[in-house]
Amino acid sequence: MNNRNILFGAVVLALFAGALMAIQGADTNNVAASGVNQVRWAGSSAGSNATEGGNITLMNLTATTLTDRWAAYYGNISGSIILSTSTGNSNIYSWSYTLTNGGEVCMATASAQTFSGMANATPSVIDSAFGLGSVDDNAANTMNLSNCTLVLSTGTEQNTTCARHQGNSTFFTAVIVDSDNTSEADFAFCTNISSTGRYFGNSAAGNANYELMVPTTPGAGTETYYFYAELG
Amino acid sequence: MRMLQKSAAIAFLFLFALSYAENFVAINSNDGRDVFSGIFYASVKGYPVRFMPTGGSSDAFSAKVGAGKEILLIQSSTSAISGFAESSLRANGNSVEVFPSDNAGRTNLELAKRSGAQQFIIVDSAFSDSAISVMPYAAMTRSYVIFADSGNIEEVKGVVSGKKIIIYGFVDSRVKSGLSEFSPQYIGKGEDKYADNVEIVGKTMDEFPSLNRPIFTDGTILEDAMTSGTSPILLTGRLVPQVTYDFIKQKAKEGRLTGVLLIGDSLVYPAYDMRERMKRELAAEGVDKSIGVMVKFAQAIPSQGNAVMGLDMFLVPAYKPKLSITEIVYNSENRKLMAGLENVGEGPLYYTIETKVQVNAQDFRVFGSTESKLIERGASEGLQYDLDLSSVPEGAVTSSVLVKFGGAKNSLEEFATSEGKLASIQYTDESNVSVRYAKYDKEKGRLLITIKNNGGSAAFVFTRLTLIEESGSEVKVSSSGIRELEPSSLYVEEFPLIFSDKELELNREIPVSIDYGGRRGFLLKNAVYSVPLEQEQEQAQLQPILLGAIAAVILLAVLYGIYKLFAAIRKKQQ
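Protein chains in written order, with our numbering: chain A, -2 to 229; chain B, 4 to 577.
Just so you know, not all the hints are guaranteed correct.
Only some residues are given here: those of chain A computed to face chain B with a beta carbon under 7 Å [said to hold, decoys possible]:
1) Ser143
2) Phe197
3) Gly216
4) Thr219
5) Tyr222
6) Tyr225
A short list of chain A residues far from chain B (calculated; beta carbon distances all over 10 Å) [claimed, not checked]:
7) Leu96
8) Met104
9) Ala116
10) Thr146
11) Ser150
12) Thr151
13) Gln163
14) Ala202
Computed cross-link-like contacts, SDA-like style, restricted to lysine to any residue with a CA-CA straight-line distance of at most 25 Å [said to hold, decoys possible]:
15) B/Lys292 / A/Thr95
16) B/Lys292 / A/Gln155
17) B/Lys292 / A/Thr64
18) B/Lys282 / A/Gly130
19) B/Lys206 / A/Thr151
20) B/Lys292 / A/Thr214
21) B/Lys254 / B/Asn413
22) B/Lys282 / A/Asn98
23) B/Lys282 / A/Gly229
24) B/Lys292 / A/Thr146
25) B/Lys292 / A/Ala182
Just so you know, the hints here were simulated from the structure itself, not pulled from any lab data.
By construction, the Cβ of each residue, glycine as well, lies at the ideal position given by its N, Cα and C atoms.
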């Protein structure tokens, strides 16, 4: 009788074990059916930005450090329509830029210089803002002309404070300032784009479309200058 | 003694945290949400902010940050851009408090609390376009921007409770309903990102009239100029959306917008084309107004040498529609011009098309549609136009196709073109495709649809399902793309889906719709099959039951053997 009880218990146990093993495979996930494709950025790495067609190359630049208070940059502007799948389809863009359209290149430490409400700058304020001091190569002794004309889309700036570059250069650097007129970020150093320009070290016409000089605070200066181009 | 030391250390750390007078925010993370959160935090606090650009170096980064600052460095614990940012900033003479971010969504909310903001702007966590659009307004109003979705709405409510809130653009319906008790202000309907964008830019320019030179961007990058808040941000594509164009023209006409600033050179042509068109149109109206287009294109740090560098850009993973013109041919069999289009992007798109057929460089026929049509993600569109070229020599015939497309019906901001000699084919679609089975694999959470090409030549197929959700509402699910089926072959289309038990009950029969045809871009045939849903899991579940039963039988046999053994021993003892 005892053995029979043991056997009955074992059978119950075995069947229970089998049932447990069967239950183990069940999925308790209760998420609703969903086929919506959302473009999520959650947790993803930065994406890529492949540039397609319609490019204009503005990056041809060369820099030269003149003194510990000035640096100079020159380069070319080129513009050409490069459509990825077609050539010159006038339905897309009707405008094209050539150097004879003009324009200007500016450098400023402001990361978002709006070039709105800019006016002629005073050399002594530049010396103060950039800490150039009373030395031979400060702004007062460098930006010592006031007969340059800068053609901006917001208006032509006549008789602008400027420096005419020397050597073979055909360019000038004119300086304009916003209404705050106190700190580095208020200034912009600009020149007009020229299709026949020369930089200081080369006498061949057309070797540079612009050349600019910008001040840097001697010693501790860590200015970041941004390049801006306004194509006419 | 040790207790005292521990208490002193805790007190020191507490006092240090209280006394740390941060005055600068730096961000080192590949996750765009960390970068945005850091920018929003800095805006509320009124601090300058710098972020590590994609692929940037810590040396250049610390040079731009400068020296002598007390920096809050928001740094991803799992995906920092550089491992040396902190040490480089310290070496440059800064003090640094690291804010580790192991979950960018949580970081967004933690910085929201830490900022002490009194005004919040809510955007959907899925769309970086929205975050970019509201960034200047947030900076000008010292508002913090929160990424909300259905998963974090309860926590968001805790953060914004009692504060002024604005909901911008598209957000999840559960976000809207969750925040309704706070009487939020709404900006944008969430139907067209460009329409929403001009609405927030207009509001920004109305409230801050000095901001009259917006930044013009396609929403795929973040650059220093965008973080300052001094320029509203207008979104565009390679074609300027009409709503954006109309906005700029109107503001220019009123003299309230004097120019736009481009970041990098990729949008130079659309911006200049817009300016010239606007100038002509305003002149025709007797208005002598134009706008300036300024391009920010490089940077230099003179104290670090004379190198000229590209701009520091953080690349944002934004949705850009993509379309391919798969073919343009003349079918002499039925005298039709065939143009095939395929959506190869990550979402739906709308398009218009213009197709020109030229004979000896002279326009012969022009076809097209000006009304935007939809192509689903992964789907194609085969267009056919009546064209009789029987009297024209083939070699002299050329075609050009211009397709304008975009993510919203009224904003076609991209284009694709194709032109060249028009090939002639003789084509009759004899494809024959059918749906055979539908199986649900519960273990792997996927629905498998088996399709057969019954024909003798290759066929192309695009599959759609109509499913019923727990709530009883229908949901359409499409395959991720067009499939090519070899002659007389089977193809199993896989849909990653998780059904609840109730949904399995509701979807016992699945309507499967297939578009198919003999050419990739021309799936002109359609068939709908109602297929019974089989469950692979059922078979899989049988296995453990079977194994359990076998184990039970074996166990019984063993127990029976033991019983017999005991019985034999007892008998022997007796």
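How the hints compare with the structure:
Look at A/Ser143: its Cβ only gets to about 24 Å from chain B, farther than 7 Å, so that hint breaks. Restraint check, A/Phe197 versus chain B: the minimum CB separation of about 14 Å is more than 7 Å; hint violated. A hinted interface residue such as A/Gly216 counts as satisfied when its beta carbon comes closer than 7 Å to some beta carbon of chain B; here the least separation is about 9 Å, so the hint is violated. Annotation: interface hint on A/Thr219 holds; nearest CB of chain B at approximately 5 Å, less than 7 Å.
Because the smallest distance between the Cβ of A/Tyr222 and any Cβ of chain B comes to about 5 Å, under 7 Å, the interface hint for this residue holds. Hint status for A/Tyr225 relative to chain B: holds, with the closest Cβ pair at about 5 Å, below 7 Å. Under the 10 Å C-beta cut-off, the non-interface status given to A/Leu96 relative to chain B holds; the minimum distance is some 14 Å. In this structure A/Met104 is not separated from chain B by more than 10 Å, as the shortest Cβ-Cβ distance comes to only about 8 Å.
At roughly 15 Å, the least C-beta separation between A/Ala116 and chain B is larger than 10 Å, which holds for a residue marked as non-interface. No Cβ of chain B approaches the Cβ of A/Thr146 within 10 Å, the least distance being about 17 Å, so the stated non-interface status holds. With a cut of 10 Å on Cβ distances, A/Ser150 falls inside the contact zone with chain B, its closest approach being about 3 Å. Its beta-carbon lying about 6 Å from the closest one in chain B, A/Thr151 breaks the requirement of being farther than 10 Å from that chain.
Consistency note on A/Gln163: stated as away from chain B, and its beta-carbon is indeed over 10 Å from all of that chain's, at 19 Å minimum. A/Ala202, annotated as away from the interface, keeps every beta carbon of chain B farther than 10 Å; the closest lies near 23 Å. As the CA atoms of B/Lys292 and A/Thr95 are separated by approximately 22 Å, the hinted pair is consistent with the 25 Å bound. Pair hint B/Lys292 plus A/Gln155 holds up; C-alpha atoms about 21 Å apart against a cutoff of 25 Å.
A hinted pair counts as satisfied when its Cα atoms are at most 25 Å apart, and B/Lys292 with A/Thr64 does not qualify at roughly 43 Å. At roughly 46 Å between alpha-carbon atoms, B/Lys282 and A/Gly130 are farther apart than 25 Å, so this suggested pair is violated. At most 25 Å may separate the alpha-carbon atoms for a hinted pair to count; B/Lys206 and A/Thr151 meet this at roughly 24 Å. Taking the CA atoms of B/Lys292 and A/Thr214, the gap is near 40 Å; set against the 25 Å cutoff, the hint is violated.
A distance of roughly 20 Å separates the Cα atoms of B/Lys254 and B/Asn413; the hinted pair therefore holds under the 25 Å criterion. Among the hinted pairs, B/Lys282 with A/Asn98 is consistent with the structure: their alpha-carbon atoms are about 16 Å apart, no more than 25 Å. Among the hinted pairs, B/Lys282 with A/Gly229 is consistent with the structure: their alpha-carbon atoms are about 13 Å apart, no more than 25 Å. Proximity of B/Lys292 to A/Thr146 is assessed by CA-CA distance (about 22 Å); at most 25 Å being required, the pair is judged to hold.
For the proposed pair B/Lys292 and A/Ala182, the alpha carbon gap of about 29 Å is over 25 Å, so the pair is violated.
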